[in-house]
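*Asks:* So the chains spell out like this:
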Amino acid sequence: MEASDLSRTYRLGASSVPAVKGITLSIARGEFVALQGPSGSGKTTLLNLLGLLDRPDSGTVRVEGRDGKSLSENARSDLRRDRFGFVFQTFNLIPVLSAEENVAYPMVIARVPAAERRDRARRLLESVGLGEKLGVRPDLLSGGQRQRVAIARSLANRPAVVFADEPTANLDSHTAEEILDLMRTINESQGVAFLFATHDPRVVARARRVVLLHDGTIESDVRAEPS
Amino acid sequence: MSAFSLACRNLVRQKRRTFLMGAVVAFGFAAVALAGGFIAQSFEGLREGTIRTVGQLQVVDRRAVKGTEDKTLEYGLRDASRARAIASRDPAVSAVLPRIEFVGLAAGGAKSVPYLGIGVDPEPEAAATFARELVVAGSYLPGGGGDGVILGTGLASALQVKTGDSITLMATTPEGSLNAVDAIVQGLVDVQIKELNDRYLACGIGLASRLLQSPETVSKLVVFLKPGADEQKAAERLGRALNAAGYPVAIRLWRELAVFYGQVRLLYIGIFGFVGAVLVVIVILSAAIVMTMAVAERTREIGTLRALGTRPAGILKLFLAEGAALAAAGCVAGLILALLIRAILNATGIILPPPPGATHGMPIHVQFFPLAYAAGFLAMIATMAIASYFPARRASRLSIVEALAHV
Numbered sequence: 172m173e174a175s176d177l178s179r180t181y182r183l184g185a186s187s188v189p190a191v192k193g194i195t196l197s198i199a200r201g202e203f204v205a206l207q208g209p210s211g212s213g214k215t216t217l218l219n220l221l222g223l224l225d226r227p228d229s230g231t232v233r234v235e236g237r238d239g240k241s242l243s244e245n246a247r248s249d250l251r252r253d254r255f256g257f258v259f260q261t262f263n264l265i266p267v268l269s270a271e272e273n274v275a276y277p278m279v280i281a282r283v284p285a286a287e288r289r290d291r292a293r294r295l296l297e298s299v300g301l302g303e304k305l306g307v308r309p310d311l312l313s314g315g316q317r318q319r320v321a322i323a324r325s326l327a328n329r330p331a332v333v334f335a336d337e338p339t340a341n342l343d344s345h346t347a348e349e350i351l352d353l354m355r356t357i358n359e360s361q362g363v364a365f366l367f368a369t370h371d372p373r374v375v376a377r378a379r380r381v382v383l384l385h386d387g388t389i390e391s392d393v394r395a396e397p398s
Numbered sequence: 004m005s006a007f008s009l010a011c012r013n014l015v016r017q018k019r020r021t022f023l024m025g026a027v028v029a030f031g032f033a034a035v036a037l038a039g040g041f042i043a044q045s046f047e048g049l050r051e052g053t054i055r056t057v058g059q060l061q062v063v064d065r066r067a068v069k070g071t072e073d074k075t076l077e078y079g080l081r082d083a084s085r086a087r088a089i090a091s092r093d094p095a096v097s098a099v100l101p102r103i104e105f106v107g108l109a110a111g112g113a114k115s116v117p118y119l120g121i122g123v124d125p126e127p128e129a130a131a132t133f134a135r136e137l138v139v140a141g142s143y144l145p146g147g148g149g150d151g152v153i154l155g156t157g158l159a160s161a162l163q164v165k166t167g168d169s170i171t172l173m174a175t176t177p178e179g180s181l182n183a184v185d186a187i188v189q190g191l192v193d194v195q196i197k198e199l200n201d202r203y204l205a206c207g208i209g210l211a212s213r214l215l216q217s218p219e220t221v222s223k224l225v226v227f228l229k230p231g232a233d234e235q236k237a238a239e240r241l242g243r244a245l246n247a248a249g250y251p252v253a254i255r256l257w258r259e260l261a262v263f264y265g266q267v268r269l270l271y272i273g274i275f276g277f278v279g280a281v282l283v284v285i286v287i288l289s290a291a292i293v294m295t296m297a298v299a300e301r302t303r304e305i306g307t308l309r310a311l312g313t314r315p316a317g318i319l320k321l322f323l324a325e326g327a328a329l330a331a332a333g334c335v336a337g338l339i340l341a342l343l344i345r346a347i348l349n350a351t352g353i354i355l356p357p358p359p360g361a362t363h364g365m366p367i368h369v370q371f372f373p374l375a376y377a378a379g380f381l382a383m384i385a386t387m388a389i390a391s392y393f394p395a396r397r398a399s400r401l402s403i404v405e406a407l408a409h410v
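Residue numbers (this note's numbering), protein chains in the order written: chain U, 172 to 398; chain H, 4 to 410.
Warning: the hint list may mix true and false statements.
Computed spacing ranges between beta-carbons, pair by pair [claimed, not checked]: (1) U/Glu303 with H/Ala346: 50 to 56 Å; (2) U/Asn341 with H/Tyr392: 33 to 39 Å; (3) U/Gly314 with H/His409: 18 to 24 Å; (4) H/Arg400 with U/Glu173: 51 to 57 Å.
In case anyone wonders, no lab produced these hints; they're calculated from the structure. All values derive from a computational prediction rather than experimental measurement. Where is the CB? At the ideal position from N, CA and C, for every residue including glycine.
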């Protein structure tokens with residue numbers, strides 16, 4: 172994934188707030204990257220632009236060679252569905268669906284056959300330690316369990332990249348550690364790239380690459396030495 | 004996990020809102036189904052009543068179509084028995100009733116009162132029309148009619164006569180001379196239209212012919228058809244047969260003659276259409292508010308679905324499915340409600356005000372008209388589709404980032 176000279180400005184009333192200013196960045200397959208920076212530095216905006224949830228005012232995002240700007244809304248939807256996974260700070264599970272159905276949802280819209288998606292959803296939930304909670308609705312799960320369901324959902328269509336916006340912000344310290352370890356394990360075992368927008372030093376400590384943002388620009392882009 | 008299944012689960016999740024909206028749809032459905040059924044029943048009753056009064060077809064002299072008579076029977080049908088026999092031979096015809104229409108003065112005791120007279124063949128007339136049912140005192144005319152007359156209660160009251168009393172009928176013959184015959188009041192009828200009740204007089208065709216001194220001449224032949232017969236085709240056949248036999252006649256369909264029927268029908272359609280439109284607007288507004296609330300409450304969920312790769316059309320489908328599911332559930336509840344209200348109304352025996360032109364009200368009886376229920380179902384589905392479409396479209400067009408940030 173390559174972002175080139177990305178800029179995004181938000182309008183707040185009469186004033187304009189530049190959130191991302193001319194950022195160029197590339198994410199390779201299997202990376203584990205933390206976008207770090209203070210509030211307002213542009214982490215979430217950059218994540219949204221890279222995840223094709225938002226369109227830049229200028230610059231381009233290329234995903235596996237395809238220019239996001241030239242794609243229709245449907246094509247962008249399909250690309251998100253097939254190549255991306257998303258994990259949100261507030262979990263964002265569908266309240267009327269069970270854990271298994273939440274994980275299966277991306278496969279439903281990708282028209283994966285019912286038997287296959289049921290099988291895959293169960294295996295994913297088992298892999299995040301929720302094999303016993305298949306039929307449970309989100310409101311009966313703890314925060315950590317919900318985030319595990321969200322992680323399983325993000326992997327449903329075997330994405331190339333998972334975008335995680337403050338995934339540990341609503342979790343207690345112990346659960347946050349578990350969730351991060353889980354993501355790291357998935358990253359290492361399945362080769363799925365993870366891109367975090369985070370304040371959390373625990374995330375930064377686990378990241379193999381840390382991109383520090385300040386006022387919408389990249390202040391530093393540091394790769395950790397292989398341990 | 005289809006859009007419909009997801010929609011149904013969301014409806015179950017929002018129980019109170021679903022119940023309220025379902026109730027609006029149910030009442031809307033019941034109102035359309037019951038009112039539609041009642042109106043259809045009224046039309047059917049009015050049609051039936053009109054046909055039993057004027058017949059399905061009338062055979063008249065061609066001149067009678069364009070002008071009015073200056074003298075009684077000026078445009079009468081001569082050699083009426085032969086014409087009646089020819090008309091009766093048509094396979095679609097069930098009865099042919101000769102009628103003589105005339106005016107004159109009736110005298111009973113010290114008073115003379117103008118009347119509108121009708122000479123009929125009593126037996127077939129009573130079989131095909133309401134004539135016998137309208138009798139409120141005495142009896143209807145016997146077989147040939149004899150010297151008996153039937154008076155409207157208003158006319159009898161004006162003449163101060165009762166059944167069994169003798170009266171004298173006076174009328175001008177087609178030749179212009181004045182003639183009079185004596186008659187006996189056989190019975191009294193209430194024709195349910197006050198102005199007509201004050202002038203109504205019926206007698207046998209024999210007595211009318213004697214009074215008018217015009218045997219074998221009638222004003223018209225009133226034709227009744229067998230059930231399911233094609234009126235237009237029967238009219239064409241009768242016209243051909245009678246013209247070929249030397250009768251210069253025109254055949255008129257009951258719709259042309261029953262101006263009143265057409266006016267009442269238009270009035271009812273106007274009233275029902277207006278009330279129906281108000282009802283539909285209320286349901287649309289209520290549903291639109293509910294669906295807008297649903298979209299607002301689930302903005303973040305919409306953002307999530309979009310982020311996961313649901314296309315805008317998928318979001319649109321999801322909310323339209325909610326509207327459709329709500330409409331279907333509301334219609335089922337409305338069906339039960341309508342049947343319940345119908346049973347209660349029919350059991351109460353409430354007397355409705357008289358319809359236009361009538362003097363007596365009728366007990367309410369709401370029949371089951373499947374077409375009205377189908378119309379109610381279609382109206383509610385269409386209404387909910389319209390009401391859901393715009394909030395659903397708005398949901399499908401939300402910015403993903405703004406939707407995800409929605410609190």
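*Asks:* Take the hints in turn and mark each one as holding or not.
*Replies:* Hint check:
Range check, U/Glu303 to H/Ala346: Cβ separation about 52 Å, and the 50 to 56 Å hint holds. Checking the proposed 33 to 39 Å range against U/Asn341 and H/Tyr392 shows it holds: the Cβ atoms sit about 36 Å from each other. Under the hint 18 to 24 Å, the C-beta atoms of U/Gly314 and H/His409, about 20 Å apart, fit the expected range. Against the hinted window of 51 to 57 Å, the Cβ-Cβ separation of H/Arg400 and U/Glu173 comes to about 29 Å, which falls outside the hint.
Hint 4 alone, counting from the list given before, is not met by this structure.
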